[in-house]
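Asker: These are the residues of each chain, in order.
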Amino acid sequence: MYKIAVLGDYDSIYGFATLGLETFPVSNPEQGAVQLKRLAEDNYAVIYVTEALAADIEKEIAKYKTQIRPAIILIPGVSGNNGKGISGVKKSVEQAVGSDILFSGN
Amino acid sequence: MASTQVNPTRMELTRLKKKLVTASRGHKLLKDKRDELMRQFLDLARENMALREKVEAGIKAANTNFVIAKAGMSEQTLHTALMAPKQEVSLECSERNVMSVDIPVFEYKTKSADENDIYSYGFAFTSGDLDDAVRSLSDILPDMLKLAEIEKSCQLLAAEIEKTRRRVNALEHVIIPETQEGIKYISMKLDENERSTQVRLMKVKDMMLEEAHHYKEKQFA
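From first to last, the protein sequence lines are chains A and B.
Under the numbering used here, think of the first position of the first sequence as 1, with each following residue one higher.
Under the numbering used here, think of the first position of the second sequence as 1, with each following residue one higher.
Hints in this document: simulated from the structure, not taken from any laboratory.
Positions of the beta carbon are idealized from the N, C-alpha and C atoms, including for glycine.
Mixed in with the good hints there might be a few duds.
[Said to hold, decoys possible] Using 25 Å as the maximum straight-line C-alpha spacing, the simulated DMTMM-like pairs for lysine to aspartate or glutamate come out as follows:
| # | chain 1 | residue 1 | chain 2 | residue 2 |
| --- | --- | --- | --- | --- |
| 1 | B | K28 | A | E41 |
| 2 | A | K3 | B | E194 |
| 3 | B | K111 | A | D42 |
| 4 | B | K33 | A | D56 |
| 5 | A | K59 | B | E181 |
| 6 | A | K90 | B | E88 |
| 7 | B | K70 | A | D11 |
| 8 | A | K91 | B | E56 |
| 9 | A | K84 | B | E53 |
| 10 | B | K205 | B | E194 |
| 11 | B | K146 | A | D9 |
| 12 | A | K65 | B | E162 |
| 13 | B | K60 | B | E47 |
| 14 | B | K60 | A | D56 |
| 15 | A | K3 | B | E36 |
| 16 | B | K146 | A | E30 |
| 17 | B | K163 | A | D11 |
| 18 | A | K84 | B | E194 |
| 19 | A | K90 | B | E53 |
| 20 | A | K84 | B | E56 |
| 21 | B | K54 | A | E30 |
| 22 | A | K59 | A | D9 |
| 23 | A | K84 | A | E30 |
| 24 | A | K3 | B | E56 |
| 25 | A | K91 | B | E47 |
| 26 | A | K65 | B | D102 |
| 27 | B | K111 | B | E95 |
| 28 | B | K216 | B | D191 |
| 29 | B | K17 | B | E194 |
| 30 | A | K90 | B | E92 |
| 31 | A | K84 | B | E36 |
| 32 | B | K146 | B | E56 |
[Said to hold, decoys possible] Some, not all, of what chain A presents toward chain B, calculated at C-beta under 10 Å:
| # | residue |
| --- | --- |
| 33 | Y14 |
| 34 | F24 |
| 35 | P29 |
| 36 | A33 |
| 37 | V34 |
| 38 | L39 |
| 39 | A40 |
| 40 | I75 |
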């Protein structure tokens with residue numbers, strides 16, 4: 001049985017607690033990196049990370065890309081959407097195909 | 001084969017021929033694997049993008065609702081209201097094998113079956129906007145989990161496709177041509193050896209006949 005975690009600044013993630021997801025508010029990237037490592041080693045299959053935080057701990061997130069668990073998924077925070085999530089999808093298309101043939105138009 | 005030296009022997013030739021057969025077979029199989037992976041990946045990537053747009057829009061709307069809710073009540077009340085969540089989500093994770101890539105399949109269970117049972121607070125001290133906010137977030141949850149599943153699959157498939165493509169290219173452009181070159185080199189060398197043996201034998205035969213019959217002396221006589 002696995003759990004789901006949400007990681008990011010408090011204002012962006014407190015709502016998820018009502019759904020039964022576990023929220024881990026962090027206030028700076030260093031704390032975020034440490035927390036992410038702890039969650040990845042624990043029993044969490046999905047970790048949602050706010051885009052703003054993810055931009056600062058890209059290296060740590062990339063480490064888990066080739067593992068089946070945890071799935072680290074970017075979500076927009078309260079401060080808005082910086083396009084990191086979408087660009088992540090484009091990046092994986094680019095990695096597979098060689099160039100972005102699906103979404104280069106938009 | 002300029003770069004590496006091969007022994008021009010029959011044994012080496014058989015070995016190289018076997019290697020070429022294996023390499024061509026592997027190349028064909030890997031190419032098929034790559035094509036199939038690519039087909040699946042493109043479908044998944046399209047779905048991934050659509051889901052992501054939907055989820056991002058949903059979360060954005062929910063966030064706006066939360067901001068409105070927050071504006072209508074004091075921070076303490078809000079914290080207290082959301083302090084003890086009623087709902088709990090647990091995840092069952094199995095694996096599906098797509099062309100030897102394990103991709104995750106998530107199945108989630110909520111603690112209470114009633115999907116309206118998400119409000120962890122009495123309605124007396126909170127604003128109605130908070131209900132909307134919680135509702136909108138809860139509506140987007142199934143999509144978020146689906147997104148997690150598909151996005152992870154996409155990442156895993158992309159990595160596998162990249163690996164397979166490298167292997168296909170290495171076989172196609174390095175291993176197979178090199179082996180063919182080696183086979184060609186050895187068979188030429190062997191043919192050359194055979195010709196030179198033949199010529200030597202003919203020459204020896206000539207000399208022996210000359211010895212026995214003295215053709216040349218008879219010619220001048």
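Asker: If a hint holds in the structure, say so; if it doesn't, say that too.
Answerer: Results for each hint:
no.	hint	in the structure
1	B:K28 - A:E41	violated, 39 Å
2	A:K3 - B:E194	violated, 73 Å
3	B:K111 - A:D42	holds, 21 Å
4	B:K33 - A:D56	violated, 36 Å
5	A:K59 - B:E181	violated, 44 Å
6	A:K90 - B:E88	violated, 33 Å
7	B:K70 - A:D11	holds, 10 Å
8	A:K91 - B:E56	holds, 18 Å
9	A:K84 - B:E53	holds, 12 Å
10	B:K205 - B:E194	holds, 16 Å
11	B:K146 - A:D9	holds, 23 Å
12	A:K65 - B:E162	holds, 14 Å
13	B:K60 - B:E47	holds, 20 Å
14	B:K60 - A:D56	holds, 21 Å
15	A:K3 - B:E36	violated, 33 Å
16	B:K146 - A:E30	violated, 29 Å
17	B:K163 - A:D11	violated, 40 Å
18	A:K84 - B:E194	violated, 68 Å
19	A:K90 - B:E53	holds, 13 Å
20	A:K84 - B:E56	holds, 11 Å
21	B:K54 - A:E30	violated, 30 Å
22	A:K59 - A:D9	holds, 19 Å
23	A:K84 - A:E30	holds, 19 Å
24	A:K3 - B:E56	holds, 22 Å
25	A:K91 - B:E47	holds, 15 Å
26	A:K65 - B:D102	holds, 13 Å
27	B:K111 - B:E95	holds, 23 Å
28	B:K216 - B:D191	violated, 33 Å
29	B:K17 - B:E194	holds, 20 Å
30	A:K90 - B:E92	violated, 28 Å
31	A:K84 - B:E36	violated, 28 Å
32	B:K146 - B:E56	holds, 13 Å
33	Y14	holds, 6 Å
34	F24	violated, 14 Å
35	P29	violated, 21 Å
36	A33	violated, 20 Å
37	V34	violated, 22 Å
38	L39	violated, 13 Å
39	A40	violated, 13 Å
40	I75	holds, 6 Å
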